[in-house]
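Number of protein chains: 4
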Amino acid sequence: MSQNPRRRVAVVGATGVAGQQFLVSLENHPWFEVTVLAASARSAGKTYREAITAENGQEKWGCEEALPDGFADQRVVDAAELDLDAVELVFSAVESDAARGLEEGFASHVPVVSTASAFRYEDDVPIIVPGVNHEHAILVKRQQRERGWKGFVVPIPNCTTTGLVIALAPLVRQFGVNSVIMTSLQALSGAGRSPGVGSMEILDNVIPYIPKEEEKVQTETSKILGRLAGERIEALDLPVSATCTRVNVRDGHTESVNLSLGRPASLEEVAGVLRAHGTEFTDLGLPSSPPELIRVMDDPYRPQPRLDRSLHDGMTTVVGRLREDRVLPNGIKLVLLSHNTKMGAAKGAILVAEYLVHKGLA
Amino acid sequence: MSQNPRRRVAVVGATGVAGQQFLVSLENHPWFEVTVLAASARSAGKTYREAITAENGQEKWGCEEALPDGFADQRVVDAAELDLDAVELVFSAVESDAARGLEEGFASHVPVVSTASAFRYEDDVPIIVPGVNHEHAILVKRQQRERGWKGFVVPIPNCTTTGLVIALAPLVRQFGVNSVIMTSLQALSGAGRSPGVGSMEILDNVIPYIPKEEEKVQTETSKILGRLAGERIEALDLPVSATCTRVNVRDGHTESVNLSLGRPASLEEVAGVLRAHGTEFTDLGLPSSPPELIRVMDDPYRPQPRLDRSLHDGMTTVVGRLREDRVLPNGIKLVLLSHNTKMGAAKGAILVAEYLVHKGLA
Amino acid sequence: MSQNPRRRVAVVGATGVAGQQFLVSLENHPWFEVTVLAASARSAGKTYREAITAENGQEKWGCEEALPDGFADQRVVDAAELDLDAVELVFSAVESDAARGLEEGFASHVPVVSTASAFRYEDDVPIIVPGVNHEHAILVKRQQRERGWKGFVVPIPNCTTTGLVIALAPLVRQFGVNSVIMTSLQALSGAGRSPGVGSMEILDNVIPYIPKEEEKVQTETSKILGRLAGERIEALDLPVSATCTRVNVRDGHTESVNLSLGRPASLEEVAGVLRAHGTEFTDLGLPSSPPELIRVMDDPYRPQPRLDRSLHDGMTTVVGRLREDRVLPNGIKLVLLSHNTKMGAAKGAILVAEYLVHKGLA
Amino acid sequence: MSQNPRRRVAVVGATGVAGQQFLVSLENHPWFEVTVLAASARSAGKTYREAITAENGQEKWGCEEALPDGFADQRVVDAAELDLDAVELVFSAVESDAARGLEEGFASHVPVVSTASAFRYEDDVPIIVPGVNHEHAILVKRQQRERGWKGFVVPIPNCTTTGLVIALAPLVRQFGVNSVIMTSLQALSGAGRSPGVGSMEILDNVIPYIPKEEEKVQTETSKILGRLAGERIEALDLPVSATCTRVNVRDGHTESVNLSLGRPASLEEVAGVLRAHGTEFTDLGLPSSPPELIRVMDDPYRPQPRLDRSLHDGMTTVVGRLREDRVLPNGIKLVLLSHNTKMGAAKGAILVAEYLVHKGLA
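Chains as they are written, first to last, in numbering that gives the first Met the number 0: chain S, 0 to 361; chain D, 0 to 361; chain C, 0 to 361; chain Y, 0 to 361.
Hints in this document: simulated from the structure, not taken from any laboratory.
Heads up, simulated BS3-like pairs for lysine-lysine below, C-alpha to C-alpha not over 30 Å straight-line:
#, chain 1, residue 1, chain 2, residue 2
1, S, K211, C, K45
2, D, K45, Y, K211
3, S, K45, C, K211
4, S, K59, C, K59
5, D, K59, D, K211
6, S, K211, C, K59
7, D, K59, Y, K211
8, Y, K59, D, K211
9, D, K211, Y, K45
10, D, K59, D, K45
11, D, K140, D, K358
12, D, K59, Y, K59
13, C, K211, S, K59
With beta-carbon atoms standing in for the labels, derived distance ranges:
#, chain 1, residue 1, chain 2, residue 2, range
14, C, R274, Y, G56, 49 to 55 Å
15, D, T278, Y, N55, 39 to 45 Å
16, D, P67, S, G191, 44 to 50 Å
17, C, A71, D, P67, 34 to 40 Å
18, C, D96, Y, R325, 25 to 31 Å
19, C, A79, S, G191, 29 to 35 Å
20, D, T278, C, K45, 33 to 39 Å
Backbone N, C-alpha and C fix where the C-beta goes; we use that ideal spot for every residue, glycine too.
Please work from the sequences and hints to get the whole structure.
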């Protein structure tokens with residue numbers, strides 16, 4: 000530990016949107032050192048800066064933060080030829096259909112924390128959200144035993160699910176939640192960059208459909224909020240009726256949520272429970288952890304994506320507009336905001352990895 | 000009728016956003032001739048073009064269509080000193096608190112069709128939406144009798160209510176509707192221009208609150224969908240739980256709607272009922288009437304405000320994304336789009352006036 | 000002529016942005032009937048609607064106007080296998096490097112009017128802008144003679160050049176123009192759709208560079224404004240120093256232009272010359288011709304893309320902010336607006352074709 | 000000095016856009032402590048948070064950074080009744096016509112550094128831009144002597160002038176500059192908030208005119224780049240032909256600049272001179288000073304407002320697209336970006352104040 004106590008990690012899919020976010024969030028990380036940048040064969044052999052430069056000469060760097068100098072000149076390797084003896088953990092941001100095969104290969108050697116959906120719906124794979132169901136992490140032992148892997152795969156959820164389950168978790172625990180109706184107003188960065196959303200499509204517009212998103216929100220929410228029974232997750236029987244739309248906002252998914260509590264509760268009680276959420280997790284003091292998982296705002300004009308998405312570097316879910324709902328039994332409604340490329344993607348995955356390291360699982 | 004069969008009408012509040020929309024929609028109208036443009040004392044005596052020109056010389060004309068030449072040089076009169084003998088009908092787009100007093104004065108002489116909210120919640124005042132509850136119009140006789148007016152006031156609803164009740168009306172009639180949960184993504188033009196929404200507020204942003212809007216949607220929807228009992232409206236007992244937000248779209252309110260039908264119905268049935276809506280009204284062939292009140296689209300990416308708001312000059316409500324909802328009993332969900340400054344404001348009011356004339360009420 | 004006097008035309012590259020604009024502008028055209036839609040081999044055999052539908056099911060139709068029903072179900076043919084006996088004229092909107100080879104093949108049989116740049120810089124190829132240099136069209140005879148073609152190629156210029164040369168032409172003729180400095184604020188639609196400009200790139204942003212654009216403006220402006228000497232064009236010796244930027248506007252290129260006149264002229268003279276421009280051309284009454292080629296506005300807040308780009312269906316160049324310039328000799332400056340996908344692309348090409356037909360050249 | 004060595008300062012016009020920027024930039028300032036917040040009589044007596052809250056309950060805080068807690072509950076005083084014995088320096092961000100009278104009153108007692116234009120064009124008043132003409136500051140002694148003031152007024156320029164003169168200054172010094180042609184693409188925040196630019200005006204649009212801006216740029220540039228002759232400034236005889244437009248960008252003015260150098264210079268020389276600019280100033284290490292006044296970028300796609308405006312907290316002018324210009328003698332052209340509410344407004348004024356303190360003038 001004296002020379003370099005940091006774990007050597009690879010970022011795979013490093014040239015994509017999520018991969019770029021990994022680099023920004025891992026620069027100067029106290030526990031992880033990015034020693035390998037991997038991407039498709041097309042990028043292999045190029046420096047990272049070359050690999051993200053389009054044919055027309057434009058650098059396709061999509062983060063607000065500058066490209067860390069240390070990565071710009073690093074050579075990119077072919078993800079399919081990654082030297083797994085050289086790294087201790089893999090962050091996977093593979094966007095393509097190749098994710099399944101690649102992650103399987105990585106996991107047979109080392110732990111993999113992934114933003115890809117390839118393994119999310121497997122029985123022995125937990126989808127971890129910090130502060131919500133980190134106890135599901137124990138399933139990685141089942142993966143190792145049953146699959147004969149030295150490592151494992153832990154995916155994080157779709158970015159639209161993240162904020163929702165963070166707000167639901169404490170309500171489920173305290174009051175029970177019987178049903179959820181949600182309309183999302185999602186940011187452009189959630190759609191990635193290739194091709195992503197075209198500027199002509201979204202200018203002066205709303206797109207009322209995001210393929211597969213509504214199904215993912217239903218399935219993932221039930222699984223994440225499910226009960227751990229031994230080495231199985233019993234999905235929560237919670238109908239989630241989602242309508243997912245895209246709006247002209249760069250970062251930060253806004254969600255309008257109506258839900259039915261299991262018992263009557265005042266708005267004050269609900270606000271209190273939301274505010275108190277996750278202190279046992281934040282008290283761990285993990286490097287990427289925000290000091291609060293949920294911020295509840297009283298100003299009816301909040302949360303707003305531009306003003307509130309960056310609270311605690313995008314790791315805090317912001318809840319506002321808490322009101323009674325007349326339609327659902329014990330109904331309440333609220334608007335929440337979650338930063339889709341921070342807690343909802345790379346930095347959330349890093350926080351999960353930190354938890355796994357902390358628990359001795361990775 | 001031989002010389003000029005058109006009714007002489009005044010547009011009051013002619014310089015505001017809604018007033019401008021009236022002028023565009025009344026240019027070359029076959030039944031109405033705008034002979035008087037009225038506004039506040041501040042504008043009185045100026046030409047219309049002068050009246051809408053700001054101190055910095057910028058013309059504050061907010062419509063896509065050009066300012067009709069015929070109005071540009073017309074003199075604006077003080078709304079408080081309107082010569083009511085000179086006009087046969089008043090279109091009121093008064094934005095300020097002055098609406099109540101002014102409209103009362105007008106209505107004592109001539110019919111008033113208004114986009115203002117001043118009289119919307121009075122017992123003897125119908126809020127009319129074409130094709131939905133035009134039969135409520137009969138209440139104007141009660142107004143005349145009880146208030147001793149020669150004219151009357153007929154307001155149209157808030158622009159967010161309009162699209163919602165148009166989509167709900169045929170479902171209420173055919174299946175019954177027990178409850179509604181709605182999240183709106185409203186356009187900028189709904190906020191008017193003084194001050195309206197600032198460009199810095201909405202760029203890269205969503206504003207999750209519009210004061211009083213959610214309450215208006217509840218109250219107006221129940222009243223409009225209510226049953227006419229003699230000369231009274233019995234409001235429909237329909238809980239409508241709304242969350243109203245503002246997005247960076249110029250025109251066209253998008254609404255994500257979940258609702259509980261009174262009895263089971265397939266999506267095909269629902270689509271059929273929506274498509275068939277309002278033919279008895281459109282068959283009247285009124286000048287501002289669209290050929291269809293509702294268009295149902297199958298493409299899941301529609302409706303989109305920029306692509307669909309101008310269907311039939313913004314007079315048709317576009318419905319898409321029809322799906323089952325697992326949360327509500329006999330639940331269905333859909334996304335609708337309504338042009339807030341066309342059917343939802345001035346041109347909708349003109350269509351109401353056409354109906355009143357057609358029925359011999361005005 | 001009795002059955003169908005319209006010329007049968009093919010639109011090649013029909014699925015791209017410019018191709019779509021051709022379809023919109025050719026629907027119900029009195030002289031041309033689109034009988035063939037051609038695109039790459041990938042689209043061949045599909046209906047047009049299928050061909051423009053992306054894998055995720057989203058229809059990639061980019062025009063404000065709806066997809067004309069008549070084209071939606073038409074089969075797309077492979078551009079490389081076009082039956083040239085079946086058409087009398089080709090509109091080419093080929094975006095790829097394939098343009099040169101394809102257009103050469105077409106031109107050997109029939110006239111080709113093109114938005115592509117493949118042939119723009121050949122000595123015997125005129126770049127035609129309606130009302131500016133339509134007399135250059137005579138060069139097509141040289142093409143036919145020297146290349147042994149039955150048809151010919153006539154390209155229109157880059158969309159940024161179009162508005163500039165329209166404004167410059169009458170000034171060159173009347174006063175002479177010695178030099179031009181221009182900064183453009185170009186619309187998104189000028190970049191096409193594949194990939195086009197990403198929504199995350201341009202939100203809250205300006206991109207100060209468009210590859211090759213500044214060079215094209217220089218070269219094309221000199222050629223278009225050049226003098227016809229027999230069957231040669233002598234390029235005008237006019238330095239044009241351009242800086243081309245992209246802004247978050249859907250349609251309509253704005254250009255801030257400073258120029259040095261050949262002799263002193265008052266702003267009134269200049270405005271008068273601009274206003275008088277092109278009447279000999281508009282008097283031809285060609286089907287796609289606007290009634291005026293240039294509109295000069297006095298309101299200093301104009302032209303604005305959203306308000307003014309659609310004047311005469313985007314076929315009129317709008318000039319405003321006419322002022323003296325202290326820096327250049329006999330300097331004046333102005334701001335112009337040109338609709339880049341109308342006069343600057345497909346509809347401009349159609350107007351050129353109309354002229355060629357009118358002159359008996361096509 | 001032992002207890003609190005910081006100067007007590009008042010921010011006047013504290014509730015406006017520029018005033019808010021002052022508060023953000025003065026929080027925890029090592030030299031200045033904001034002890035008084037002053038605004039119009041309308042705000043007097045309210046807490047600061049109350050004073051910036053609109054009637055509809057919406058907080059009108061316009062900065063990206065959060066409202067510093069320490070100011071939220073501070074009482075606002077009437078600017079006209081400011082206790083000038085209680086402060087040692089005034090930062091004035093007064094937007095209204097009242098600026099002249101108010102600043103005169105302040106300056107008779109204490110130094111005033113102002114973003115207002117009221118005194119900019121007086122003979123004995125320097126317009127200071129850090130690193131460009133800080134030596135002009137000596138004029139404050141003439142003000143004191145001739146006007147009998149104990150304090151003085153030092154305004155900073157219009158935000159469009161700032162970036163331009165920073166880029167021009169080293170070129171003037173090294174090569175001479177004979178003329179400038181400039182087109183600006185200005186951000187929304189430059190227009191303030193009351194009323195500012197309406198969201199409907201700028202969506203999908205460019206506004207080609209900003210009243211008085213072009214004249215200000217000419218006058219201020221000549222004065223700032225002028226030579227100090229004793230206690231007089233001899234304005235530089237430099238024609239600056241500006242066209243100022245507004246684009247849909249929140250912060251950061253982009254300027255496309257063509258200029259004529261006094262003698263031939265290669266692009267490398269020019270870049271070198273720009274890069275070397277201002278080290279004598281940045282070496283002073285003033286608290287708000289950036290480490291470099293100008294950053295020159297080689298990537299032709301830069302500078303972009305969203306990516307580059309916040310370099311060194313918006314205090315560095317970013318220059319790119321350096322090219323030769325064929326039109327002007329010894330012509331070069333470039334694109335520059337300057338953060339209009341940081342170096343171009345409040346934080347630039349604070350840096351000026353720091354310089355005045357450093358020199359013992361304040």
